[in-house]
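Chemist: Here are the chains, one letter per residue:
Protein chains: 2
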Amino acid sequence: MKTKLGPQDILFPVPAALIVSGTMDKPNIVTVAWIGMISCVPPVLGIGIHKSRHSYKLIKKFREFSVNIPPADKYKEVDYCGIISGRDRNKFKDANLTPVKSGKIKTPIIKECPFNLECKLVKTLEVSEHTLFLGEILETHIDSDKVKNKTPQGINIDKVNPLVYFPTIRQYRKIGKRIGKSFNACLELKDK
Amino acid sequence: MKTKLGPQDILFPVPAALIVSGTMDKPNIVTVAWIGMISCVPPVLGIGIHKSRHSYKLIKKFREFSVNIPPADKYKEVDYCGIISGRDRNKFKDANLTPVKSGKIKTPIIKECPFNLECKLVKTLEVSEHTLFLGEILETHIDSDKVKNKTPQGINIDKVNPLVYFPTIRQYRKIGKRIGKSFNACLELKDK
Chain F
253 MKTKLGPQDI
263 LFPVPAALIV
273 SGTMDKPNIV
283 TVAWIGMISC
293 VPPVLGIGIH
303 KSRHSYKLIK
313 KFREFSVNIP
323 PADKYKEVDY
333 CGIISGRDRN
343 KFKDANLTPV
353 KSGKIKTPII
363 KECPFNLECK
373 LVKTLEVSEH
383 TLFLGEILET
393 HIDSDKVKNK
403 TPQGINIDKV
413 NPLVYFPTIR
423 QYRKIGKRIG
433 KSFNACLELK
443 DK
Chain G
253 MKTKLGPQDI
263 LFPVPAALIV
273 SGTMDKPNIV
283 TVAWIGMISC
293 VPPVLGIGIH
303 KSRHSYKLIK
313 KFREFSVNIP
323 PADKYKEVDY
333 CGIISGRDRN
343 KFKDANLTPV
353 KSGKIKTPII
363 KECPFNLECK
373 LVKTLEVSEH
383 TLFLGEILET
393 HIDSDKVKNK
403 TPQGINIDKV
413 NPLVYFPTIR
423 QYRKIGKRIG
433 KSFNACLELK
443 DK
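Protein sequence lines correspond, in order, to chains F and G.
The working numbering runs 252 ahead of the 1-based position in the first sequence.
The working numbering runs 252 ahead of the 1-based position in the second sequence.
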């Protein structure tokens, strides 16, 4: 039996990503659950930002942003960055987060976030009241103690301990038990 | 200390969503980790699909698709639907999944997935080798035993038990412990 809930903007599980915009001397942070990868050659992702946001103006102006995946224990700081406006407050200071120089863009990344993507704005698409910003990923950072052999496949997810978010239901969660490996788990079914 | 990994198409945690395309008599499934909400009035989400995919043609043709969030225990079936092509096989049959009539679109939803979205294609954007399909969400379904008071806020995430995916690192995981409530967890920081 299914219950109908009408047209809803609910999708889960998603990251609670901290998006940095602006420059090293005046950076801003906003929390975004509406984010997704789109393409791989080159890698491009999209974020949905409301036009009323301070970050909206900063991304439009500087045409760059960084995506920072926070660890689960920073959920209060993540929550703060989603509620307070950067027009009124310095969220880096309030949330005790540290801007660190990026390699390819002028917008900083967040030191306390173990995984970071530097993005250059490549396309802007208006989708009703939100704007979809498409960013080409120019550089990827991972805390050195959380990766083996300096390869993407060597990322240790338990050490990264990313926050998991459930919009609308409004829950922050930790990741759970590892249950399988992709491109592999289905072998039984495939050989049926 | 940060390690640079170059431009990578890595973002986590994400859903491993089962996208259904086609019609009740000939539906197809593809697994998609590249999905994100974009807008809320009306609700619109985006999925990134490679042009070589059978689902790409079906979505272009029927201009509809459903998004189905699988439970963690179906990770083998989810993996299968991402590897095998619908050109060669009937994935519903192979993976023991059941197509169920939707309410607003002709493309079915998946019975075994506790959360389902019916989408109408509203925009197609070419982003290098992938295509971003924007779907307006016309209806939302949840298993009746996993929601209280028939409201989105009443969704019981523990009962839904959604699969969590880590692309590139290729891990399927369960959700973990609930650690906080959003729009609320930051109150200590806010009142500082």
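A portion of the hints provided could be inaccurate.
One copy or two, either will do: identical chains are not told apart, so a pair holds if it fits within one copy or between any two.
[As the list claims (entries may be wrong)] With a straight-line cut-off of 25 Å between C-alpha atoms, the simulated DSS-like cross-links for lysine-lysine are: (1) K356 x K256; (2) K402 x K256; (3) K375 x K312; (4) K312 x K353; (5) K433 x K411; (6) K254 x K426; (7) K358 x K429; (8) K353 x K254; (9) K398 x K353; (10) K256 x K411; (11) K254 x K363.
Note that these hints are calculated values from the structure, not bench results.
Chemist: If a hint holds in the structure, say so; if it does not, say that too.
Modeler: Now for the hints, and whether the structure bears them out:
1. In this assembly of identical chains, K356 and K256 lie within 25 Å of each other by CA distance solely across copies; the values are 11 Å between and 46 Å within a copy.
2. Proximity of K402 and K256 under a CA criterion of 25 Å is satisfied inter-copy only: 8 Å between copies versus 46 Å inside one chain copy.
3. For the identical chains of this complex, K375 and K312 are neighbours both inside a copy (10 Å) and across copies (22 Å), given an alpha-carbon limit of 25 Å.
4. Taking the shortest Cα distances, K312 and K353 sit within 25 Å of each other inside one copy (20 Å), while across copies they are farther apart (43 Å).
5. Proximity of K433 to K411 under the C-alpha cut-off of 25 Å is found in both arrangements, the shortest distances being 18 Å within a copy and 23 Å between copies.
6. For a Cα distance limit of 25 Å, the shortest separation of K254 from K426 across copies, 23 Å, qualifies, whereas the shortest one inside one copy, 28 Å, does not.
7. Neither within a single protomer nor between protomers do K358 and K429 lie at most 25 Å apart by alpha-carbon distance, with minima of 38 Å and 37 Å respectively.
8. Taking the closest pair of Cα atoms, K353 and K254 come within 25 Å of each other only across two copies (11 Å); inside a single copy the shortest separation is 49 Å, beyond that limit.
9. In the homo-oligomer, the alpha carbons of K398 and K353 lie at most 25 Å apart inside one protomer (20 Å), although the nearest pairing across protomers, at 45 Å, exceeds that limit.
10. Taking CA atoms no more than 25 Å apart as the test, K256 paired with K411 passes between copies only; the shortest distance there is 17 Å, against 39 Å inside one copy.
11. Proximity of K254 and K363 under a CA criterion of 25 Å is satisfied inter-copy only: 9 Å between copies versus 44 Å inside one chain copy.
Consistency with the previously given hints fails for number 7 only.
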